[in-house]
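Asks: The lines below spell out each chain.
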Amino acid sequence: MLTALGDPTRRAIFELVARRPSAVAEIARDVPVSRPAVSQHLKVLKEAHLVRDRPEGARRIYSIDPRGLAAARNYFEQFWEIALGSFREAAERAHRSDQEEP
Amino acid sequence: MSVAQTTSPTSVSVDTYVDTPIEHAFRVFTEGIQTWWNPAHHLLDAPLEAMIFEPRVGGHIIDRYADGRECRWARVLAYEPPHRVVFSWDIALNWQLEPDPDKTSEVEVTFTADGPDRTRVVLTHRHLDRHGEGWESMRDAVALGWNLARYTSVASPARP
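Chain order of the listed sequences is A and B.
Numbering-wise, the first sequence is residues 10 to 111 according to this note's numbering.
Numbering-wise, the second sequence is residues 27 to 186 according to this note's numbering.
Calculated from the structure, these hints are not laboratory results.
Given the structure is predicted, the values throughout are model-derived calculations rather than measurements.
Fair warning: there could be bad hints in the mix.
As the list claims (entries may be wrong) - List of simulated lysine to any residue pairs, SDA-like, C-alpha gap at most 25 Å:
no. : chain 1 : residue 1 : chain 2 : residue 2
1   : B       : 129       : A       : 29
2   : B       : 129       : A       : 56
3   : B       : 129       : B       : 85
4   : B       : 129       : A       : 83
5   : A       : 55        : B       : 129
6   : B       : 129       : A       : 69
7   : B       : 129       : A       : 53
8   : A       : 55        : B       : 130
9   : B       : 129       : A       : 34
10  : A       : 55        : B       : 35
11  : B       : 129       : A       : 79
12  : B       : 129       : A       : 101
13  : A       : 52        : B       : 128
14  : A       : 52        : B       : 146
15  : A       : 55        : B       : 118
16  : A       : 52        : B       : 67
17  : B       : 129       : A       : 66
18  : A       : 55        : B       : 152
19  : B       : 129       : A       : 104
20  : B       : 129       : A       : 58
21  : B       : 129       : A       : 27
22  : B       : 129       : A       : 17
23  : B       : 129       : B       : 67
What the hints assert, rightly or not - Residues on chain A that point at chain B, a partial pick, calculated with CB under 8 Å:
no. : residue
24  : 34
25  : 86
26  : 93
27  : 95
Said to hold, decoys possible - Derived CB-CB ranges, DEER-like:
no. : chain 1 : residue 1 : chain 2 : residue 2 : range
28  : A       : 69        : B       : 57        : 27 to 37 Å
29  : B       : 146       : A       : 109       : 31 to 41 Å
30  : B       : 122       : A       : 52        : 22 to 32 Å
31  : B       : 125       : A       : 29        : 28 to 38 Å
The C-beta atom is built at its ideal place from N, Cα and C for all residues, glycine as well.
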């Protein structure tokens with residue numbers, strides 16, 4: 010599962026799905042592998058919580074699973090909010106001491 | 027103060043206003059990185075001697091350790107003082123150096139003057155999906171409550 014995006018075809022499929030939720034047949038038109046192969050790749054991506062599917066009539070529509078990316082986004086959002094806060098403090102402190110010096 | 031924004035499922039964007047002229051804000055962010063970067067966020071478990079931001083495209087952000095080792099964890103992709111800087115994030119989600127550029131994300135920082143003594147700084151960390159292989163460990167870390175706010179005090183001056 011850790012290598013879910015290590016495969017170039019799987020990566021291409023993930024990026025397609027990230028751009029637009031799609032059914033297997035639509036994805037298969039855009040990647041150079043068979044429909045069963047696409048289904049197999051989607052299964053791996055789904056098990057890794059990278060994509061999820063929902064039924065729509067007789068088809069299943071695949072889209073990005075927010076759980077995997079959400080963790081990374083949440084982490085970096087906190088990381089950069091705190092880092093930028095420290096940056097702001099440092100920049101303003103240095104600016105003040107510049108102004109105090111003759 | 028910082029405002030988090032949602033721009034895309036694979037990026038995060040955070041912005042802030044700094045009460046300094048734009049040139050100064052740009053200089054502190056780049057050359058002065060070690061005055062604000064959290065000293066806990068370095069890749070090697072060794073005393074850090076310096077952080078160096080090489081001010082040119084093709085340069086690196088380098089952690090230099092007291093024992094002589096260096097860690098180049100970012101490539102400078104755009105350097106346009108005082109308006110914009112872009113660097114790669116060559117760090118996997120488990121805070122190990124990521125040697126494969128295809129698996130690295132990218133940080134863009136823009137500086138916009140809002141008057142002579144005020145600057146808007148917008149930081150966007152994008153292509154987070156390229157770190158895909160580390161998501162599981164990231165989920166675990168988040169689930170364990172590894173909250174950066176807990177051990178970082180914004181007010182404390184960063185030390186080299």
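Asks: Is residue 129(B) within 25 Å of residue 53(A), Cα to Cα?
Replies: 19 Å, holds
Asks: Run the distance test for residue 129(B) versus residue 56(A): straight-line Cα separation, threshold 25 Å.
Replies: Answer holds: residue 129(B) to residue 56(A) is near 21 Å, not above 25 Å.
Asks: Given the hinted pair residue 55(A) and residue 129(B), is their alpha-carbon gap at most 25 Å?
Replies: It holds: about 20 Å lies between the C-alpha atoms, which stays within 25 Å.
Asks: Using the beta carbons of residue 146(B) and residue 109(A), state whether their distance is inside 31 to 41 Å or not.
Replies: The hint (31 to 41 Å, Cβ to Cβ) is violated, given that residue 146(B) and residue 109(A) are roughly 25 Å apart.
Asks: If you check the beta carbons of residue 69(A) and residue 57(B), does the distance land in 27 to 37 Å?
Replies: About 53 Å separates the Cβ atoms of residue 69(A) and residue 57(B), which means 27 to 37 Å is violated.
Asks: Taking 25 Å as the top limit, are the C-alpha atoms of residue 129(B) and residue 27(A) close enough?
Replies: 17 Å, holds
Asks: Given the hint that residue 129(B) pairs with residue 69(A), test it: the Cα-Cα distance must not exceed 25 Å.
Replies: Between residue 129(B) and residue 69(A) the Cα gap is close to 29 Å, so the pair fails against 25 Å, i.e. violated.
Asks: Is it true that the CA of residue 52(A) sits at most 25 Å from the CA of residue 128(B)?
Replies: The hint holds at about 23 Å.
Asks: Please test the hint of 22 to 32 Å on the beta carbon pair from residue 122(B) and residue 52(A).
Replies: 29 Å, holds
Asks: Would the hint linking residue 129(B) and residue 34(A) be met if the CA-CA limit is 25 Å?
Replies: Measuring from Cα to Cα gives roughly 28 Å; hence the hint is violated.
Asks: Does residue 101(A) lie within 25 Å of residue 129(B) when you go C-alpha to C-alpha?
Replies: With Cα atoms ~35 Å apart, residue 129(B) and residue 101(A) exceed 25 Å; violated.
Asks: Given the hinted pair residue 52(A) and residue 67(B), is their Cα-Cα distance within 25 Å?
Replies: Since the Cα atoms of residue 52(A) and residue 67(B) sit roughly 36 Å apart, the hinted pair is violated (cutoff 25 Å).
Of the hints listed earlier, those the structure fails to meet are numbers 6, 9, 12, 14, 16, 17, 19, 24, 28, 29, in rising order.
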